[in-house]
Amino acid sequence: MATLVSTTDLVKEFPLHGSLFDVFSARRKRVHAVDRVSFSIAEGEVLGLAGESGSGKSTTGRLLLRLIEPTSGAVEYRGRNVTSFSARELERLREKVQIVFQDPNSSLSPRMSVGQAITHPLQIHGIGTTVERKERVLDLMEKVGLSPAEFLYRKYPHQLSGGQSQRVVLARALVTQPDFLVADEPIAMADVSVRALILQLMRQLKRDMGLTYLFITHDLATAKYLCDRIAVMYLGRIVELASRDTLFSRPHHPYTKALLAAVPVPDPKARRDKNLPKGEIPSAINPPSGCHFHPRCPYAVARCREARPPLREIAPGQFSACILD
Amino acid sequence: MKRLFTLLLVLGLALSITSVWAQSTLVYGTTDKISDIDPANAYDFHTWEIFYNTMDGLVGYAPGGSALVPALATSWSANAASDQFTFKLRKGVKFSDGTPFDARVVKWTIDRNAAIEGDPSWLITDFVKSVEVVDPYTVKFILKNPVAFFPKLLANPPYYPLSPNTFPEGSKGVYVKDPSELKGGVLSGLGTYTMTSFKRDEEIVLDYNPNYWGKAPAYKKVIIRYFADATTMRLALEKGEVDLVYKSLNPSDINDLSKNSKLTVFKNQGPFIRYLAFETSESVFKDKKLRQAITSLLNRPEITQKVYLGQAIPLYSMVPNGMQYQKTTFKTAFGDGNVAKAETILKGLGYTKDKPFTFDLWYSPSHYGDTEANLAEVVKAQIEKTPLVKVTIKSAEWATYKQQWHDKQMAVFFLGWYPDYVDADNYTAAFAGTSGSIGNGIYFSNPDWDAMFTKEQTSTKETERKAVFEKVQDLWVDEVPTAPLFQGYLILVSKKSVTGVKIGPPMIFLYNQLKPVK
Amino acid sequence: MPQLEKTILEVQDLSIAYPITIGVVRAVEGVSFTLDDGEALGLVGESGCGKSTLGLSILKLHRPPGRVTGGKILYRGTDILSMSDRALLKMRGQNISMIFQNPLTSLNPLFTVEKHFLETIHFHDASMPRERARAAVGKMLETLGIEKKRLKEYPHQLSGGMRQRIMIGLALIMNPDIIIADEPTTSLDVIVEAGFTDLLMSLRSIYKLSIILITHNLGLVAEIADRIAVMYAGRLMEVATTEEIFAHPLHPYTQGLIACVPNILVDQKELVTMPGSPPDLVDRPAGCPFAPRCPQVIPICRQKTPALIQHAPSHSAACWLYRQKEG
Amino acid sequence: MVFVMLTLVFVVLRVMPGDPVSAMLGGHAPEKVIQQKKADLGLNKPIGMQYLDYMGKLAHLDLGESMIFKQKVSQPILEKLPATLELTFFGLLLSLGIGIPLGVFAARRRRSGRDYGARLYANVVYCIPVFWMGLLLQLVFGIFLGWFPIAGRTSPRVEVSAFSKTGFYIVDTLRIGNFAAFGDVMWHLVLPSVTLGIVLSGIFVRLTRANMLDVLKSDYILAARARGVPERRVVYNHGLRNALIPIVTMLGLQFALLLAGAILTESTFSWPGMGRLLLERIYLRDYPVIQGVIVVYTLFVSVISLVVDLLYAAIDPRVKY
Amino acid sequence: MVAARFSPAGWIAALFRWTSSARRKYGGEWWLMVAGVVVIAFILTMTVFPHLFTRFDPNDQNAGSQMTAPSSSHIMGTDNLSRDVWARIVYGAQTILGVAIAAALLSAIIGIPLGLLSGFAGGVFDRILSLIMDSVYSFPGLILAIAFAAMLGPGVINITLAVAVVYIPTYFRLVRGQTLSIKEEVYVEAARAIGARRGTILGRYIFPNVIATVVVVLSLNIADAIMTEAALSYIGLGLPAGIPDWGMDLSMGKKFLPSGIWWMITFPGLMIMLLALGFTMLGEGLAEILNPRLLEK
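Chains as they are written, first to last, in the working numbering: chain A, 1 to 325; chain B, 1 to 518; chain C, 1 to 327; chain D, 1 to 321; chain E, 1 to 297.
In short, the hints are calculated from the structure, not lab data. Values in this document were obtained by computation on a predicted structure and should not be read as measured data. Don't take each hint at face value.
[Unchecked claim] Only pairs whose alpha carbons sit at most 25 Å apart, straight line, appear in this in silico SDA-like list of lysine to any residue:
#1 K57/D / S180/B
#2 K239/B / T458/B
#3 K33/B / L61/D
#4 K91/B / P164/B
#5 K72/D / K380/B
#6 K38/D / L8/D
#7 K269/C / Q318/A
#8 K515/B / Q292/B
#9 K331/B / E479/B
#10 K394/B / Q292/B
#11 K143/A / Q94/C
#12 K115/C / L61/D
#13 K183/E / E13/A
#14 K217/D / Q94/C
#15 K221/B / S248/B
#16 K206/A / T71/A
#17 K380/B / V156/E
#18 K269/A / S289/A
#19 K408/B / E479/B
#20 K143/A / E95/A
#21 K72/D / Q326/B
#22 K37/D / Q292/B
#23 K177/B / Q35/D
#24 K269/A / A259/C
#25 K38/D / V295/D
#26 K177/B / L61/D
#27 K134/A / G199/E
#28 K143/A / E270/C
#29 K278/A / Q303/C
[Claimed, not checked] Output of the computed footprint for chain E on chain D, the stretches with three or more beta carbons under 8 Å from beta carbons of chain E:
#30 36-47
#31 91-99
#32 121-134
#33 138-150
#34 159-172
Each residue gets a CB set at the ideal place from its N, CA and C atoms; glycine is no exception.
Pulled out of the complex, with its shape left as it was, chain A reads as follows (with noise of 0.2 Å):
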């Protein structure tokens, strides 16, 4: 399969707005929200992109529209180099890459009802005629289950329920017929049964429509369900990268295995002794040096201290950062 999306090298930094003296200190801090990130997607593949809060999945799925400009390195969408678009080249790349937010409440304008929403990136590309736009925007909502279309194409955001908003954040976002879509945590705001109902859509609508995802989520039950690949990311960088599969049944990072190892699971049989690392996710302002890891990991040796340790293909298609096999 082609590679439809890729990264080289990615990094983000974000400045700190810390106190007066930092002016005067050589170099002001910075927050490394992602550091050296790379990996591809190739068309019509779920790659799930996994971690804890802070861990920078997020930045790297705006990064890869461009809704922030990155600090290095480059995005590639369909071979073309995305970093150096122009604004007029990037807005036509926003017909066919798309975003969806975590909460769909406020990913929506409180003055704009549901139709207009969802014309506007119509408008926007000057994709057919009034009539045509409605008619295909009547037609979408029924796909995604607004139903009956008619009548809540008239209302506003703040009359909808949690699950007819992020329904109506997908269409917004699929209208123009995109094919690649970032999902960013999408289900991570709504209820236990409305979440399966999303998650079921966006297969369905993969298939459908011939989508491509990146799939961002801490939730590694969900990335199971969805994804062919996931990569697991700690404080900005990728930990571990491998197919469903291999991740789930032969984790390699520690990391990794923690946080399979504490995911609750709804089966009371299931109780399992945890072997959790210690303390939380460190800042990153001022992460630890080599493996970032290495504070909380049960197996570290002195060597993690030292140096970043490379992604690695420890197995085909399993890529690692630690360096212990």
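Starting from the known structure of chain A, arrange chains B, C, D and E on it as the hints suggest.
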């Protein structure tokens, strides 16, 4: 809260009991303000009043009258041409700082005040060519032109001797802004009192000057309290917190206070007049017919009643009531509210109901007290009694007002006049003489009139002057460079316990005349 | 598993309503359950089902203008709802205490950790000398695995997991019998969540606690709870032991709920979904609240509200399907 | 901020019509003298130069000299400032004293009768023009009842020069132990500060209520209740203390309102403060004094916002400097 | 909506339906707003049809005798120039209301676009503008109005300008603040993600969300402007004589205070308060109604 209230109540009570004031202290309230504490620059009534009491002149006015009497000069004489005056000075007089008073001091003072070129310096420089010390107690003034009334000028503060020792060295040509700049912090004068404390806009304390050459006053201390508004001053008087108030109560307050049995109201025609000034050179009122028309519409008794609640006197000549040479020509020529006459004139000029004569009437909202807006409204209503005129009222603060009349931006506006010296000349030449009328924004100039003014200014013959002034007043109703409106009262209200208030036409108020009675 | 020997808390037919400007929200309706000494009860439901209101009402802390419209809450036989204010203050924290969802906002930002503790001790035992109070706090911190220097710190200086541990410490400092944990881990990351679960379990045995765990997270209840009560639209749908619920869920809602959660241990081809959304609590129609979404709905479901009936030892459900079978 | 305001005011003043020099000189002054004076005062230079001159002087803390009266600008300001400070201090004290308790009272029962009552009070009081309030109080308590003096800082019989040193009459009278005068000074403060205090209390009722409502909704309030903390302590110790943080941060802005209110109060009660000074000198077009007063007001506001920042840092442990 | 077209009865019925449902929904806030609207409507009618309210001319100096207390012929008494106080109030409403509304609108027209641009564009432009606006804002507004009024001189237009200047920063800060926070909203990011240009984002996503707050502030602002206008007139910097004006009439009455002439100050002041209160209550009511987030709690 309640406890605090009680506490305050007790404190207030204690205050009223403990403040037993010496009988010899007078608390005097006024809404006036003091300007510079130096006769070389001060040029306002209130500050001059302080000078009358803390300094003394070579000549003075008899208390309550307008006759000149000897003061620091025991006698004087003029040469035949009336352009040299010689004064014999009183001996053994000392300033409050101990400096002896002599002819040298007089010359020093006149020279200093002339050199500083302050606001009132024209009172010296327009008249005096030089001062000569004839001997230690004789001084001679040599004038530029003959001036019949010259001794009257010497009763004004710019001529009052100053003690040279009070002024710091090197202050030549600079006037004093604040007593603190003086040696000893006190302006040394020859008057009854010395100013011992000065807090601008709050209070001034005058204490008896033991070096004063005359009789000791009954009140050894006078505290002048400055009130921001008349209302407060009135209440303070009613509560007995001040003994005497002078300048300026509101008309409504005067009416109320007149009914108060504990108070005495001293009321006299004052030299202060109000008038409408026309810009006669370039504005619409260049045409004297229009000036006549507007003047005929004025209704003076209505103004004094409506706006001043009876506390002002209608005025029918620029020369005030009770003054020598007055001839009320406006009464005979226009009367009051003479709509018929106005309409005849206006129709003659082609104005109709549909094409009325329109103009802006200007006033300055605070310079003459807070009644100005009412004055303008009433005058507007009077003028608009005829449909042939439409008036728009406009106002500007004093600084702007002054600039606007200087720049001929106002066609007709309200003005008032306090005399520089009490003489009909100062009520006529000041408005219609070429130079005087520029200063008041009237820009009236007529060589015949100027000749008449020169004549009365240099003449010492009463009949000659009378003839000139009567002619001028006759001509005034034809030319109407200004339209007299009304004359103010001098009103001083005091407790019954204060007696001896004497204020004559020159408006000199001497505190040493006051006496407390039980 | 502790024996079900003594009932420590009993909720009888509790109803709570919120009058709002457009009507009355019936947040909790006719809920009855018991909690035994030393037992951990999981109260499971989606947002808006009334589980938080129920939890708060046990401390008589439901937010105004909500009021109890019927029922009783008996703590060791005494009705909490009719307690005096003074007795209530004593009971809160000392007999029953509570942990909240968001540990950052649940700590007063202006108070140090120590002040929170000392304040709590002071109001329950004013006579305790300050030194002894400090010692008790120190011991508690040790139990929680927190360094003592943290006492002088303010909440914003602590990490999320640390704050939640402080919250537990505050809840336990007066040695209560019951602890109500309202979504205690929702704001925590998975690994921290797992650590918190471990801590809670160990404290449970140390302090001989009864726990009411309010959550929407089926994984979490599966790990902690002995018994589970499933709530939907203000009503209890099913109550059973944890094993029973996961092995043989009776109520179609419970079945749906379990089936729609992705399970990391299983390979799911398709998730079961429940279309529709919970009913509006203002104008609730007659009948089973789940009826409009129920795949197995029968006519009676829309007419009469089913009661919670025991179908097996320690397994009750409110569903017409099983009443019919019996009947 | 000082810089911006000064520049603005400088420009405003220079385009203002009216000529301070001819206003100050009598009508007799010859043109030559007027020009001379203007040259002395630097008024004949281009505005840009005048501005630079002024700023240069200001940098040396020199406010210049009055154009109308021969005095340093700092002199009238130093004389009037204490009066304004005394008035605003008591006004603020009173408005906080009324506003905060009433706001808490309202917030504790949202949408109850007492809540609506307190809000009505807040709105009505806020909409009362300060000067009207002052006049009504004067009318009732000064004229009809005669309980309080309606103007000035002291009675005419109290000899100010006997104690005036700092200009803060409260301090001055106490310093020399003249309790009669102290009583008189306090007595005069009552109506003006009540006027100012009441009118401003409306804002603090609103502020306190809104912030208390927010705070009382927060989780730590619930958590404190759940730990058995008594209600009074929950409201005042947990609630009010947290609610005070935003109130304190807003205090800087409220202070501007207080100063504006003080001008009107001063004008109504003939209070010899900065506001009256400003008005008088505006009529006279006394540029240097007007500028000086603005400088002082701006400094005043800046100092207050600095104090507010420090206070904020002191009460909120989350803020660090 | 469509059905009710051309049918006044339909409109009224719809209005009635809306009001009754709103009344139930918002309770106290609703009555607050209604009270405000009633006061404003009353005074507004006064400005449009003054002759319906009084038979006297406000400038008629022979309406009665001087300073008579309220009576059946002069319900609010007469002033020192024998004018009817109530007639002055009725005609004076035009002045104060006109000035206040015009000033508030003017400052909104200037402040809103500046705030939008400044908040959206950011950078040096934003920093300089913000510095200026913040300085002006934190400075006592009345003092600024006084300075401007003194500069411009008395007059209706001038006083409007002087009042307007004071409130420009209010709108600027409000709109800029809102713009800044809305700019960070996810839906704006979403708009960028669908390829919307900056202008489109500003016009379709930010502006409509800002404008609701502006309406509330406008109403509260008019209340403030009313009091500022009255204050300027009161201290004599407002209007020249001849135009009936509440603030000026109030200050005219001041000097008759010790004579016990209470009606000359009481009634104009009361009207200022009522009018300001009307707009405040309208604003407060709108704030509660337009901000549904408040009601969820």
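Going through the hints against the structure:
1. K57/D / S180/B: 24 Å, holds
2. K239/B / T458/B: 52 Å, violated
3. K33/B / L61/D: Status violated; Cα separation ~29 Å.
4. K91/B / P164/B: 18 Å, holds
5. K72/D / K380/B: 42 Å, violated
6. K38/D / L8/D: 22 Å, holds
7. K269/C / Q318/A: Holds. K269/C to Q318/A sits at ~23 Å (cutoff 25 Å).
8. K515/B / Q292/B: 50 Å, violated
9. K331/B / E479/B: 15 Å, holds
10. K394/B / Q292/B: Between K394/B and Q292/B the Cα gap is close to 21 Å, so the pair holds against 25 Å.
11. K143/A / Q94/C: Distance of about 55 Å is beyond 25 Å: violated.
12. K115/C / L61/D: 48 Å, violated
13. K183/E / E13/A: 21 Å, holds
14. K217/D / Q94/C: Roughly 24 Å between the alpha carbons, so the hint for K217/D and Q94/C holds.
15. K221/B / S248/B: OK: K221/B and S248/B at ~22 Å, within 25 Å.
16. K206/A / T71/A: 32 Å, violated
17. K380/B / V156/E: 19 Å, holds
18. K269/A / S289/A: 40 Å, violated
19. K408/B / E479/B: Holds - the C-alpha atoms of E479/B and K408/B are around 19 Å apart, at most 25 Å.
20. K143/A / E95/A: Holds, at roughly 19 Å.
21. K72/D / Q326/B: Roughly 46 Å between the alpha carbons, so the hint for K72/D and Q326/B is violated.
22. K37/D / Q292/B: 39 Å, violated
23. K177/B / Q35/D: With Cα atoms ~21 Å apart, K177/B and Q35/D stay inside 25 Å; holds.
24. K269/A / A259/C: 16 Å, holds
25. K38/D / V295/D: 23 Å, holds
26. K177/B / L61/D: Given that 25 Å is the threshold and the Cα spacing comes to 21 Å, the pair holds.
27. K134/A / G199/E: 24 Å, holds
28. K143/A / E270/C: Status holds; Cα separation ~19 Å.
29. K278/A / Q303/C: 55 Å, violated
30. 36-47: With 0 residues close enough to chain E, the hint is violated.
31. 91-99: Violated, because only 0 residues of the stretch 91-99 of chain D bring their Cβ atoms closer than 8 Å to Cβ atoms of chain E.
32. 121-134: holds (count 9)
33. 138-150: holds (count 4)
34. 159-172: Our answer is that it is violated, as 0 residues pass the Cβ test (under 8 Å) against chain E, missing three.
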